[in-house]
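So the sequence lines, in the order shown, correspond to chains A, B and C.
For the first sequence, counting from 1, position 18 maps to 18 in the numbering used here; every step adds exactly one.
For the second sequence, counting from 1, position 22 maps to 22 in the numbering used here; every step adds exactly one.
For the third sequence, counting from 1, position 49 maps to 49 in the numbering used here; every step adds exactly one.
Simulated from the structure, these hints should not be mistaken for laboratory data.
Warning: the hint list may mix true and false statements.
Stated by the list, open to error - Subject to a maximum C-alpha distance of 20 Å in a straight line, what follows is the list of computed SDA-like cross-link-like pairs (lysine to any residue):
1. C:Lys13 with A:Ile123
2. C:Lys230 with B:Asp172
3. C:Lys230 with B:Glu121
4. C:Lys230 with B:Ser290
Unchecked claim - Here are the computed distance ranges between Cβ atoms for each label pair:
5. A:Pro207 with B:Ala127: 55 to 61 Å
6. B:Asp197 with A:Gly8: 56 to 62 Å
7. A:Gly8 with B:Ile253: 42 to 48 Å
8. C:Tyr319 with B:Asp122: 54 to 60 Å
9. A:Ser192 with C:Asn215: 35 to 41 Å
Built from N, CA and C at the ideal position, the CB exists for glycine as well.
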Amino acid sequence: MQKSKTQGYVRSIRKFGEQYKESKLGLLGLFIFLFFVFASVFAEVLAPYPIGPTQGDRNFILKPPSSKYLLGTDELGRDMLSMILYGGKVSLTIGILATLITAIIGTLVGVTAGYFGGRTEEILMRFTDVFLVIPGLPLMIVLASLLGATFWNMILVIGIQGWTGTARVLRAQVLSLKEKLFIESARSIGASDTRIIIKHIIPNVLPLIVAQMVLRIGSSILSASSLSFLGLGDPTHMSWGMTLHYAFSVGSLFSNFYWYLIPPGVCITLVVLSFTFIGYALDQIVNPRIRER
Amino acid sequence: MPLLDIQNLKTYFNTRGGKVKAVDDVSFQIERGDALGLAGESGCGKTTTALTIMNLLPSNAEVLSGKVFLNDVDLLAIDEEMFRKEVRMKQMSMVFQGAMNALNPVFRVGDQIRQGILTHEDITKEAAWERVRELFSLVGISPDRAREYPHEFSGGMKQRVIIAMALSCNPDLVIADEPVTALDVIIQAQILELMRDLREKLGLSMIMITHDLSVIADTCNKTAIMYAGKLVEYASSIAIFKSPKHPYTQGLIANFPSISGELKGFEPISGSPPNLISPPNGCRFHPRCSYAMGVCSKEEPETVELERGHFVSCHLMK
Amino acid sequence: MAIILGMGRVIAKRGVYAIMLIFIMTIINFFLFRIMPGDPVAMMVSPSITAEVRQILLTKFGLDKPMHIQFIKYIQQLLKGNFGLSFVYQRPVIDLVLERVPNTVLLLLSSYVITVILSIILGLIAAWRRGGKLDISFTIFGLWMHSMPIFWLGGLLLLFFSVRLGLFPVIGVSTPWLVHENIFSYISDVAHHLFIPMMTLGIGNIGGMFLITRNSLLDIFSEDYILTAKALGLSNRTILFHNVLRNAMLPLSTIILMRLGFIIGGAVTTETVFTWPGVGLLIYNAVMQEDYPLLQGAFLIITISAVLANFLAEVIYGYLDPRVRYE
Chain A
1 MQKSKTQGYV
11 RSIRKFGEQY
21 KESKLGLLGL
31 FIFLFFVFAS
41 VFAEVLAPYP
51 IGPTQGDRNF
61 ILKPPSSKYL
71 LGTDELGRDM
81 LSMILYGGKV
91 SLTIGILATL
101 ITAIIGTLVG
111 VTAGYFGGRT
121 EEILMRFTDV
131 FLVIPGLPLM
141 IVLASLLGAT
151 FWNMILVIGI
161 QGWTGTARVL
171 RAQVLSLKEK
181 LFIESARSIG
191 ASDTRIIIKH
201 IIPNVLPLIV
211 AQMVLRIGSS
221 ILSASSLSFL
231 GLGDPTHMSW
241 GMTLHYAFSV
251 GSLFSNFYWY
261 LIPPGVCITL
271 VVLSFTFIGY
281 ALDQIVNPRI
291 RER
Chain B
1 MPLLDIQNLK
11 TYFNTRGGKV
21 KAVDDVSFQI
31 ERGDALGLAG
41 ESGCGKTTTA
51 LTIMNLLPSN
61 AEVLSGKVFL
71 NDVDLLAIDE
81 EMFRKEVRMK
91 QMSMVFQGAM
101 NALNPVFRVG
111 DQIRQGILTH
121 EDITKEAAWE
131 RVRELFSLVG
141 ISPDRAREYP
151 HEFSGGMKQR
161 VIIAMALSCN
171 PDLVIADEPV
181 TALDVIIQAQ
191 ILELMRDLRE
201 KLGLSMIMIT
211 HDLSVIADTC
221 NKTAIMYAGK
231 LVEYASSIAI
241 FKSPKHPYTQ
251 GLIANFPSIS
261 GELKGFEPIS
271 GSPPNLISPP
281 NGCRFHPRCS
291 YAMGVCSKEE
301 PETVELERGH
311 FVSCHLMK
Chain C
1 MAIILGMGRV
11 IAKRGVYAIM
21 LIFIMTIINF
31 FLFRIMPGDP
41 VAMMVSPSIT
51 AEVRQILLTK
61 FGLDKPMHIQ
71 FIKYIQQLLK
81 GNFGLSFVYQ
91 RPVIDLVLER
101 VPNTVLLLLS
111 SYVITVILSI
121 ILGLIAAWRR
131 GGKLDISFTI
141 FGLWMHSMPI
151 FWLGGLLLLF
161 FSVRLGLFPV
171 IGVSTPWLVH
181 ENIFSYISDV
191 AHHLFIPMMT
201 LGIGNIGGMF
211 LITRNSLLDI
221 FSEDYILTAK
231 ALGLSNRTIL
241 FHNVLRNAML
251 PLSTIILMRL
261 GFIIGGAVTT
271 ETVFTWPGVG
281 LLIYNAVMQE
291 DYPLLQGAFL
301 IITISAVLAN
311 FLAEVIYGYL
321 DPRVRYE
């Protein structure tokens with residue numbers, strides 16, 4: 001019995017892999033994503049210079065790209081290329097961790113609301129509606145400035161506001177699952193609610209959760225870069241958004257320090273784009289409505 | 001000279017799984033005044049044939065070869081604009097399943113018909129509206145109802161609207177695709193009677209596509225049976241029902257209940273329709289045929305004219 | 001007659017809901033700024049004050065009273081229109097916000113018009129030629145816009161068109177020292193300043209709306225009645241712009257109204273980049289200067305506006321879609 005279940009999983013993973021391979025966008029996204037993950041993980045090895053605030057080269061402040069500093073330097077004399085490499089690690093970590101929080105909250109709310117229905121569902125959905133109406137970025141700004149701009153606070157702040165979409169989608173999915181008879185039969189033989197949720201519901205909504213998460217990582221990274229740009233980032237953890245913040249604050253726009261402005265933005269765009277592509281490809285596979293057309 | 005002459009038509013669909021040979025070398029003719037019933041199981045290619053003639057195929061379809069002569073003009077050879085302006089509605093029109101979504105919910109039904117008329121005829125909007133009202137009377141709907149929206153009509157009435165629409169520019173040929181399938185039996189009878197009357201009154205030629213043999217028996221003077229993308233038998237309806245020659249047709253007719261005949265049970269044709277991406281070699285019906293011989297799995301049968309006007313495609317006929 | 005009754009029902013139902021939401025927002029807003037770590041007095045006045053001054057202010061502002069009494073006083077003040085006093089500007093928050101609202105509304109609405117028009121046109125073309133070169137390139141463009149930080153796009157456009165090419169002004173909503181003889185010269189001055197920020201937000205927000213529009217249109221294209229239209233011999237142009245567009249009006253209106261709320265966030269960062277004196281820039285300054293009363297008041301006003309905008313959208317939608325009126 002156990003063996004055939006594992007075989008079943010292996011088979012569906014393989015089938016998923018085949019379907020995914022057909023999506024050119026999905027593959028491109030995956031490739032870009034892996035590239036950035038590699039660059040981030042091996043940042044220490046790949047970065048030519050250290051990026052501590054006191055470790056800059058005083059003789060090379062705000063210089064354009066040269067053979068010594070491939071992407072130029074910032075106002076503290078630090079190498080842009082190294083800043084980018086280390087920044088990737090920060091940005092990606094924030095994005096992924098914040099999304100984990102979003103996924104957990106979204107799943108809890110969505111599945112509970114969908115499964116239990118009635119009063120619980122109503123209350124949870126009203127709760128979701130409140131969060132839905134509050135504009136996301138202003139809320140994050142307020143929370144971040146009240147809690148203090150640290151690395152972990154930013155993850156928390158981003159994580160606790162993006163879950164509404166996931167909750168709604170999951171609730172819809174659970175509602176349609178409930179229609180299917182196997183839930184009825186599980187209940188009638190006396191299975192407890194927790195057991196049904198864990199054994200039957202979660203495995204079925206897992207692909208949807210993953211697809212949602214992939215899309216949310218992209219928007220989490222964008223939110224983080226917006227917050228950092230506005231000055232609410234953690235100076236001790238230089239993300240790409242923070243780099244852009246300093247780029248603007250030293251007047252790169254007016255003095256045409258293009259090497260300071262362009263690389264962080266390009267990286268943010270590429271990474272988010274990769275998640276968007278991957279999410280798009282996943283959606284094509286997981287979402288039955290699109291398949292029919 | 002036949003009104004419609006289809007020669008060696010091949011329409012394939014490009015899908016993820018491969019090429020679906022939906023219509024594979026189909027040929028037949030219709031004379032002026034004929035009503036041809038095109039019958040067969042779901043997926044046998046009858047609707048695809050109609051869509052090919054009407055140039056309404058989806059984007060993944062490909063007409064590989066064949067000619068479709070309507071009034072001596074090969075429809076597959078003329079350009080889109082010509083087809084749209086000269087052939088559509090004026091020479092040939094289609095009756096869809098009205099009970100479904102064939103009518104646009106946000107426009108009045110009269111406006112939808114009038115739009116078609118004005119595209120093809122140089123008359124005033126008021127004159128076109130008058131014609132719409134006349135058409136409604138013709139199909140048995142109160143003319144004032146032309147101002148209403150589709151959701152205000154019942155299934156049977158919507159079907160009448162669709163029929164009115166198809167007749168609006170006086171076509172020579174009307175192709176009806178399962179026009180009564182979604183309706184209940186009493187309404188079915190009414191609509192079929194309407195179509196019979198209109199045919200007589202207006203001298204229409206018709207192709208009636210359906211899987212329901214009783215509909216064909218009621219309205220069509222000729223019948224063509226399709227199976228797995230091939231035309232297997234073509235004859236007058238009387239010949240098909242009284243003396244079917246192809247084993248598949250025989251199987252279909254055998255299960256067709258007769259009020260005056262003896263009591264007997266159903267004898268379903270064993271097996272299921274083949275995969276059209278890789279159909280069986282030779283005669284496509286041979287895996288299900290109780291008369292299959294050795295040659296049936298190797299060669300495709302030729303079409304033989306057994307008697308005048310009765311064509312069969314089966315190795316048994318030699 | 002039925003329409004008026006139905007609309008009344010919608011307004012009443014949604015109105016009650018909106019008021020409830022506003023009340024909840026107020027509660028959240030109040031407790032948010034009280035529960036957060038930090039000294040409430042310091043937050044209200046200035047982060048750096050002496051102990052005696054602090055004690056005086058504590059009593060003066062009633063911060064030593066129990067929480068529920070503070071809350072009641074807060075509501076009372078709100079109902080009088082008092083959203084607090086900005087520490088940095090030494091003016092009522094409500095005045096500061098109202099001064100800047102026109103600028104933000106101008107920016108948001110003008111850019112949204114651009115977003116909507118572009119999304120519909122691109123979406124139509126992409127859906128009609130599904131899978132074709134245009135569809136693929138538009139889709140990639142949409143996904144790209146969806147992934148790019150809008151403030152960065154703004155910065156780049158500013159750098160290129162305003163700084164390097166000198167075609168557009170760099171800061172603000174109008175030229176401060178310019179004296180205008182008539183209203184037209186003032187309008188053209190503002191328009192000149194508005195152009196780049198408007199294009200930034202307009203194009204930057206295309207991504208999501210384009211994709212949803214395209215999907216809605218694809219749904220419509222696969223409907224049977226479009227096949228009927230083709231069989232009727234209508235030209236492609238007629239089908240697209242007469243039939244499909246009419247059918248799309250309802251789902252498109254929904255999309256347009258419902259997505260209005262998402263663009264507010266982009267306004268804050270864009271106003272910062274372009275130094276556009278709107279509510280977004282006000283919030284940015286409040287954060288930078290630790291002006292918590294201003295932040296709290298402005299945030300509350302923004303959330304209330306969002307609820308009201310939502311309410312308006314639902315009422316308009318109730319008018320457009322008859323089915324909603326009978327719920």
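Original post:
Given the hinted pair lysine 230 of chain C and aspartate 172 of chain B, is their alpha-carbon gap at most 20 Å?
Top reply: Holds: lysine 230 of chain C and aspartate 172 of chain B sit about 19 Å apart, inside 20 Å.
Discussion item. Is 42 to 48 Å respected by the C-beta to C-beta distance linking glycine 8 of chain A and isoleucine 253 of chain B?
Written reply: This hint holds: roughly 46 Å between Cβ atoms.
Open item on the list: Within 56 to 62 Å: is that where the Cβ-Cβ distance between aspartate 197 of chain B and glycine 8 of chain A falls?
Closed with: holds (60 Å)
Check: Does lysine 230 of chain C pair with glutamate 121 of chain B here, judged by a C-alpha cut-off of 20 Å?
Finding: holds (17 Å)
(Q) Can you confirm whether the C-alpha distance between lysine 230 of chain C and serine 290 of chain B stays at or below 20 Å? (A) Measuring from Cα to Cα gives roughly 44 Å; hence the hint is violated.
Looking only at beta-carbon atoms, does the pair tyrosine 319 of chain C, aspartate 122 of chain B fall within the given range of 54 to 60 Å?
Roughly 39 Å apart at Cβ, these two residues miss the hinted range, so it is violated.
Straight-line alpha-carbon gap lysine 13 of chain C to isoleucine 123 of chain A, limit 20 Å:
holds (18 Å)
Taking the CB of proline 207 of chain A and the CB of alanine 127 of chain B, does the distance hold inside 55 to 61 Å? Since the Cβ atoms of proline 207 of chain A and alanine 127 of chain B sit about 59 Å apart, the hinted range of 55 to 61 Å holds.
**Message:** I want to verify a distance hint. Is the separation of the beta carbons of serine 192 of chain A and asparagine 215 of chain C within 35 to 41 Å?
**Reply:** holds (40 Å)
Taken one by one, the earlier hints fail for this structure at numbers 4 and 8, listed in ascending order.
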